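Q: Spelled out, the chains give:
Protein chains: 2
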Amino acid sequence: MKPLISIEAAAKALFSSLTPSDTESVSLADAFGRVLRESLTADRPIPPFDRVMMDGIAIDSSEFHGIGTEFLIVGTQAAGSPPLEKTQAQTCFEVMTGAILPHGCDCVIPVEEISITQDSVILSPDAVIEAGHYIHSIGSDSAEGSVLLKANTRLGPAEIAIAASVGKIQLDVSKLPRITLLTSGDEVIPPSQTPQNFEIRSSHPSFLIHLIESNTLGTCQHVHLPDDRSITSEAIHTALQNSDILIFTGGISKGKFDYIAPELSARIGEPLFHGVKQRPGKPFACWHDAATSTSVFALPGNPVSVCATATRYLLPALIQHLTLSSPIQHVKLAHPFHWKPPIPGFAPCSINNDQTATIHQMQNSGDYLCLAGCHGFVYFSQPQIEYAVDTELPFYPFLIK
Amino acid sequence: MKPLISIEAAAKALFSSLTPSDTESVSLADAFGRVLRESLTADRPIPPFDRVMMDGIAIDSSEFHGIGTEFLIVGTQAAGSPPLEKTQAQTCFEVMTGAILPHGCDCVIPVEEISITQDSVILSPDAVIEAGHYIHSIGSDSAEGSVLLKANTRLGPAEIAIAASVGKIQLDVSKLPRITLLTSGDEVIPPSQTPQNFEIRSSHPSFLIHLIESNTLGTCQHVHLPDDRSITSEAIHTALQNSDILIFTGGISKGKFDYIAPELSARIGEPLFHGVKQRPGKPFACWHDAATSTSVFALPGNPVSVCATATRYLLPALIQHLTLSSPIQHVKLAHPFHWKPPIPGFAPCSINNDQTATIHQMQNSGDYLCLAGCHGFVYFSQPQIEYAVDTELPFYPFLIK
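Protein sequence lines correspond, in order, to chains A and B.
Just so you know, we're using this note's numbering here: the first sequence kicks off at 12 and counts up by one.
Just so you know, we're using this note's numbering here: the second sequence kicks off at 12 and counts up by one.
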């Protein structure tokens, strides 16, 4: 293990090693949550026609000559029908919300502001009669060809709706990295099995795979490694061939059976760093294979260490790899908090409904129960300090926006 | 249409009509994002054994007699192996992180704090020698049978990991409502088709289905209705039979072809309300069929109205139906903002990295481009008011925590 480096130096080494992901074309139906890699433009003016905004009648406002002016209804302009044509003076059309404005009309009067006797319409004294009224005019939101979504935008519900509205049914997006998660430890058994009194059930995959896949940041497969050097070596060989990113949990400290670090170094050279001056997660290590652009994250084995290092380093690295701009968030402390460790570090927290953070007290990095109801980690950069209520802290969420 | 009611009265009528969803049992692999309906307890003490927290050696601390005391290594306690037994004085075991503490030992000394000569260990002068050191002792996080997750909790990554760790491979969760989304309008064509100059492409399903399903709040199917009374009537009949929740978009104003409201009222009685004093989304209506507990949301047809009413009313209703406790969030305005309409309402906003809200200016409720990059809506309760920077406003997010 090299000497411990600072959190800032670890982040710098990691983030400067990353390369942007390739792009691929996906259908609109598969694009949710993905990162757009092209700019998306309007194929028509928006709105694409003079759009009626209220149910009512459409008139030529110049034909209004004061209270009592009558208009004869000569047709109905339904939404989805070609535009009607006004050919006679003092006539009007019934119009429906979403319809194209009939030719020869320039003003819509809502149904609440008219009275109809047989086919004749009289306007209410408080009706507004002016050109353009209740008309969402062609191109008033955006001109044809204008940029609606920039590249490197995440496609959430609203962005997918915008893509649908301009008929963009294939989109260039960031290719998701193929991630192999390699957990380790002879004491770890599947959740479905009954442990002996020196065994524990596997839980890291449950956390990590959901963290990554629910944020649409990669596709994961999972392998569990026994504490066996040749199996570990073979698994690393296979994973390096099949994956863009490797994630290990456990087996990277100074234990007699910690084969992962030496096997990785033998295959792809020295780590970017191994050991960070932080709590929890001190044994955290990263490698980068320049030949294949494969990134390797070796997270410590304790549950809170896994969660903290995955949230602080892995998620932001995936976000950067996918070319999504996502500056660090900040939240204010809901209460004073004494960061006791002699080094900086991360504490699990929940975000309250006023967006302040409440710290979840943890006993040690093995105390995974403190993660219940947690929304992410805050960063305490100064050791052994009493942080005041309302102190603004960097926040690393489980769920990206 | 009944007289307009206030936003508060609409919310009260809607939320008091809702019933809690049924429960169902799902496997751990399918439980992510779901709402837990049982409390989840520890099947063993946590940790389940005296767990070694560092790679090093385990000794009996009472056998330490000052600087220079030597211990003979008599075995290796690997993680995942049954506990060894110390039988002779002044002996120790090599121990690995995650292993059970060997019987007869009470203290772990990390590898950094010892020196080994052949099989003999001398402790560093600054090693801490006390009973319990670097031991995560059995039951210290939680006793067997204690509650780890309460009912009505959302199962995020950390909660799924906790369930895995206690071997809970089947969980009782809220059943997701079967939702039928019925869009309407003859002017609306599928995104894959080329519109004529009086047509627009369908975008509401893209927004609504992703909004609901990415939050794991329901399963949606979509039907598009032409402006035809008998087809509308038949579709309502079928949807009421097949669904727990119906969502309409458009066709509920005063247009000549707005058949949805009369057809619904004919089948399931008068609406809870129809028309809310808000902007956007004034024509919004809700029905509740007491006989079948079916809720019906009739959203207006303009895109920003759809998004605002879905975010303010539909999502919170689904959250309540699924029995998830989720009090209203608040955010502070990043800038002064003048709410110009003569009635209260909702504005789309993005949440900045300091958790403040920046309002997206919209031209009118048809201006869906203002939704790009938006994270939800804030509520302006006072009409025609200049809101100061830092004013705290209720916030309705697209993405629930």
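Take the hints with a grain of salt, since some may be wrong.
Where chains are identical, the list cannot tell them apart; a pair therefore holds if satisfied intra-copy or between any two copies.
[Claimed, not checked] Here are the simulated lysine-lysine pairs, DSS-like style, with alpha carbons at most 27 Å apart:
#1 Lys97 with Lys265
#2 Lys97 with Lys267
#3 Lys97 with Lys343
#4 Lys97 with Lys351
#5 Lys267 with Lys186
For the record, the hints were derived by calculation from the structure and aren't laboratory data.
Owing to the predicted nature of the structure, the values given are computational and were not obtained by experimental measurement.
Q: If a hint holds in the structure, say so; if it doesn't, say that too.
A: Outcome of the hint check:
With identical chains, the CA atoms of Lys97 and Lys265 are at most 27 Å apart between copies only, with a shortest distance of 23 Å across copies and 86 Å within one. When the C-alpha separation of Lys97 and Lys267 is checked against a cutoff of 27 Å, the pair qualifies only between copies, where the shortest distance is 20 Å, while the shortest distance within a copy is 89 Å. Within a single copy, Lys97 and Lys343 get their C-alpha atoms no closer than 62 Å, and across copies no closer than 51 Å, so neither meets the 27 Å cut-off. Taking the shortest Cα distances, Lys97 and Lys351 never come within 27 Å of each other, neither inside one copy (79 Å) nor across copies (35 Å).
Taking the shortest alpha-carbon separations for Lys267 and Lys186, neither the intra-copy value of 39 Å nor the inter-copy value of 48 Å comes in at or below 27 Å.
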